[in-house]
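Number of protein chains: 2
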Amino acid sequence: MSKNPEKLQPKLARLNDALESGALEQARRMLNRGLAPVDVAHLLESTPPKERNVLWGLIEPELQGDVLQYLGEDIQTEFLNRMDAQQLVSATEGLDVDDLADLLQRLPNTVTLEVLDSMEAQERQRLETVLSYPEDTAGGLMNTDTLTIRPEITLDVVLRYLRRHERLPDTTDSLLVVTRGDKLIGSLPINRLLVSDPSMLVREVMDTDMVTIPATMEEADVANLFERFDLISAPVVGVESHLLGRITIDDVVDVIRGDAEHQVMSMAGLDEEEDTFAPAWRTSRRRAVWLGINLITAFMAAAVIGMFEGTIQQVTALAVLMPIVASMGGIAGSQALTVLIRGIALGHVSGNNVRWLLNRELIVGALNGVLWALVVAAIAVWWFGDMTLGGIIAAAIVINLLIAALCGTLLPVLLKKLKIDPALSGSVILTTVTDVIGFMAFLGLATYFYL
Amino acid sequence: MSKNPEKLQPKLARLNDALESGALEQARRMLNRGLAPVDVAHLLESTPPKERNVLWGLIEPELQGDVLQYLGEDIQTEFLNRMDAQQLVSATEGLDVDDLADLLQRLPNTVTLEVLDSMEAQERQRLETVLSYPEDTAGGLMNTDTLTIRPEITLDVVLRYLRRHERLPDTTDSLLVVTRGDKLIGSLPINRLLVSDPSMLVREVMDTDMVTIPATMEEADVANLFERFDLISAPVVGVESHLLGRITIDDVVDVIRGDAEHQVMSMAGLDEEEDTFAPAWRTSRRRAVWLGINLITAFMAAAVIGMFEGTIQQVTALAVLMPIVASMGGIAGSQALTVLIRGIALGHVSGNNVRWLLNRELIVGALNGVLWALVVAAIAVWWFGDMTLGGIIAAAIVINLLIAALCGTLLPVLLKKLKIDPALSGSVILTTVTDVIGFMAFLGLATYFYL
Chain A
1 MSKNPEKLQP
11 KLARLNDALE
21 SGALEQARRM
31 LNRGLAPVDV
41 AHLLESTPPK
51 ERNVLWGLIE
61 PELQGDVLQY
71 LGEDIQTEFL
81 NRMDAQQLVS
91 ATEGLDVDDL
101 ADLLQRLPNT
111 VTLEVLDSME
121 AQERQRLETV
131 LSYPEDTAGG
141 LMNTDTLTIR
151 PEITLDVVLR
161 YLRRHERLPD
171 TTDSLLVVTR
181 GDKLIGSLPI
191 NRLLVSDPSM
201 LVREVMDTDM
211 VTIPATMEEA
221 DVANLFERFD
231 LISAPVVGVE
241 SHLLGRITID
251 DVVDVIRGDA
261 EHQVMSMAGL
271 DEEEDTFAPA
281 WRTSRRRAVW
291 LGINLITAFM
301 AAAVIGMFEG
311 TIQQVTALAV
321 LMPIVASMGG
331 IAGSQALTVL
341 IRGIALGHVS
351 GNNVRWLLNR
361 ELIVGALNGV
371 LWALVVAAIA
381 VWWFGDMTLG
391 GIIAAAIVIN
401 LLIAALCGTL
411 LPVLLKKLKI
421 DPALSGSVIL
431 TTVTDVIGFM
441 AFLGLATYFY
451 L
Chain B
1 MSKNPEKLQP
11 KLARLNDALE
21 SGALEQARRM
31 LNRGLAPVDV
41 AHLLESTPPK
51 ERNVLWGLIE
61 PELQGDVLQY
71 LGEDIQTEFL
81 NRMDAQQLVS
91 ATEGLDVDDL
101 ADLLQRLPNT
111 VTLEVLDSME
121 AQERQRLETV
131 LSYPEDTAGG
141 LMNTDTLTIR
151 PEITLDVVLR
161 YLRRHERLPD
171 TTDSLLVVTR
181 GDKLIGSLPI
191 NRLLVSDPSM
201 LVREVMDTDM
211 VTIPATMEEA
221 DVANLFERFD
231 LISAPVVGVE
241 SHLLGRITID
251 DVVDVIRGDA
261 EHQVMSMAGL
271 DEEEDTFAPA
281 WRTSRRRAVW
291 LGINLITAFM
301 AAAVIGMFEG
311 TIQQVTALAV
321 LMPIVASMGG
331 IAGSQALTVL
341 IRGIALGHVS
351 GNNVRWLLNR
361 ELIVGALNGV
371 LWALVVAAIA
381 VWWFGDMTLG
391 GIIAAAIVIN
401 LLIAALCGTL
411 LPVLLKKLKI
421 DPALSGSVIL
431 TTVTDVIGFM
441 AFLGLATYFY
451 L
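Sequences listed follow chains A and B, in order. In terms of the working numbering, the first sequence opens at residue 1 and continues consecutively. In terms of the working numbering, the second sequence opens at residue 1 and continues consecutively.
The set of hints was computed from the structure by calculation and includes no laboratory data. Treat each hint with caution, since some may be false.
As the list makes no split between identical chains, a pair holds if one copy fits it or if it spans any two.
[Stated by the list, open to error] Straight-line C-alpha distance at most 30 Å; calculated DSSO-like pairs for lysine-lysine: (1) K419 <-> K183; (2) K183 <-> K416; (3) K50 <-> K183; (4) K11 <-> K50; (5) K417 <-> K183; (6) K417 <-> K11; (7) K50 <-> K416; (8) K416 <-> K11.
Everything numeric in this text was worked out from a predicted model, so none of it was measured.
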């Protein structure tokens, strides 16, 4: 297996050729020996369902577990559900405890129990510790492969102890110093171990001010800590500093990536774990829900227009221009909404400064409202030769942009307080408000002035 | 400085109290000794401009450089522009070369030269190497603090060599093995050094199959490599494997985070480096551009409606229902667009499988189109008591959802080929198409059947 990045693309192309020409033996060899498990996973994720199943069948059982851990949840669940407990046991041998825990959480309970039964006592106990915490907390994210040492030994003893290992756990950048009762009292960074006098005691060299993570901390907060302090790994503790495991940067990177995808995907009502090549039927069902929710809001806007049917019949130019008022409000509102959602996510926005932000957004809404109201009014007057129409649409745009600023600022703050995900529901609610207010202001003013 | 996460919030609250009550001396002490630079930066980013300037003035010059590197580009540029070269030199002492290079790239050239002049020869040469690559490539991202060793020495010599250092560079997880001409030939992971027999030669233990990154590689590809292979650090090389520096995971995490913010922010026409507390005037100017672009597309939709004014005057129910057709198309199109943009970003989508995806999206569009067309038609018939209207809106919705599927799938592929950022322009173009097609199909069919 070569890690040279440029070599992946041609390999995938050759594999595709082999599959298309039916050279299954050759494809099997490439899958099992020519590619890293992470690349096999990538290949599976880039393949439509039918070919994907053929590929999966070609992968040797021992490799399947390795590949599984790199797959998106959607595809993972699909493959997991087709394996029986025996296949699972052999596929998951040698996986890290945190990855294994993630997999097991997607299985029916009876199968999970069978897998647990087949494990060695120590391994099973570790796994059960991880499984006892929700998947999105530090406890669910942690691994139990910690290297612990005692404070009262010398660094020389530590070095000899390490040499007795065949290899150290991946991403080991520090050894954890614990008391006899497994209470965490310090951390010895490997890089400090290497530069210190070997005759010194662990106690004299260890770091006692390291970042420790409570097992119940939410994964987003864990990611924040890793970013703030440029951490590579950090110990996870339970009550009274009892050491439970550690979290490593590679798992944190997955959290950050997942969080970012969640924001983008949920704005379109999609799930971030969704398989790019999910079949049409499943995709249709999932997306229908979001279309249905949006249909309700569209009918609310339609109902507002319906209130003014008489006015539109008299002045059809209103029907021509009304989408402009609604759309400008929607765009301005999303800008405020996006800035606020990001500010909240980054921890910039708190009770103290929301008023400043609201103030700023209202000024921005007023400035851009007046600017674009004048432009739209001028075009409307030129198009329909009607000064009143120009005045009405200008007023409606200013009103709608101010409401958009108000709503775009306060909505995410409110949703956050109600523990509702603003990325998912924020923009639906916002555009409903700007549509309704936009149509109502424009058509309402028109009714007043024309009828 | 304590790293305990729970302690930050009360500290910030106390600092705020000190500022509000005018106890500047106390605030100064807290800023310079009570908080980590990354937390001071966070505090500055969470503060409106006026108070922010007061805070900045309280921070000691030596600390300002440390704080600067953690600030967003927008705020960084603001503070940098207010400092003269002398202040910059003292503020930037002790910064990592990659962070310093990032800062200098935001300064006028004359100031950059002054700062370079004030540096020691070796340090300057390193900085110039980093500055010679664009900021968003591996060369611009790398640091030059590599620890190099020769292949023909024993591990025992390596251990003694390391012990001569007071500390190792941050995030050192491996030593780089080079020839006399600085040609990279291998890597010795620290964790392998620790478990190996000290009498062995570096050559016998080193890893020759490590990931090496060409200096010209784009930062997004670097991030991909780090994620694929769970890397902590990786060497950067120039022509003929000449070692130039190394990239560490903390900088890669920043790239990943920035990339994610870019996607979310640019959908609303915003810049990911934008200061949450940017003043109203600057914010207005920046957002006005996006509103203007959207206004053009809104007028295109209005022009389409204008073509059918006569029909609307006869059947005003059309004006009531037409936003529904446009909005359903917009939502369905964004769903396809979002899935495709993500698929492209993840490398799942390539020439081979676009056809499969287009096919899937068309089926999904047809299924959801028919489902929601029936629902909307039923409501329209019940509302306006007009069977023809029901038939017309049903047909228009099906047509618009099929166009939305086509456009949502092919648009990002096309934009990518034209090297246009699909996150920024994709949804504007898409909603223009679904608005125009939606209004045209609905009002056009109505004109045909009613007039």
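Run the structure past the numbered hints and jot down the numbers of the failing ones, going up.
Of the numbered hints, 1, 2, 3, 5 do not hold.
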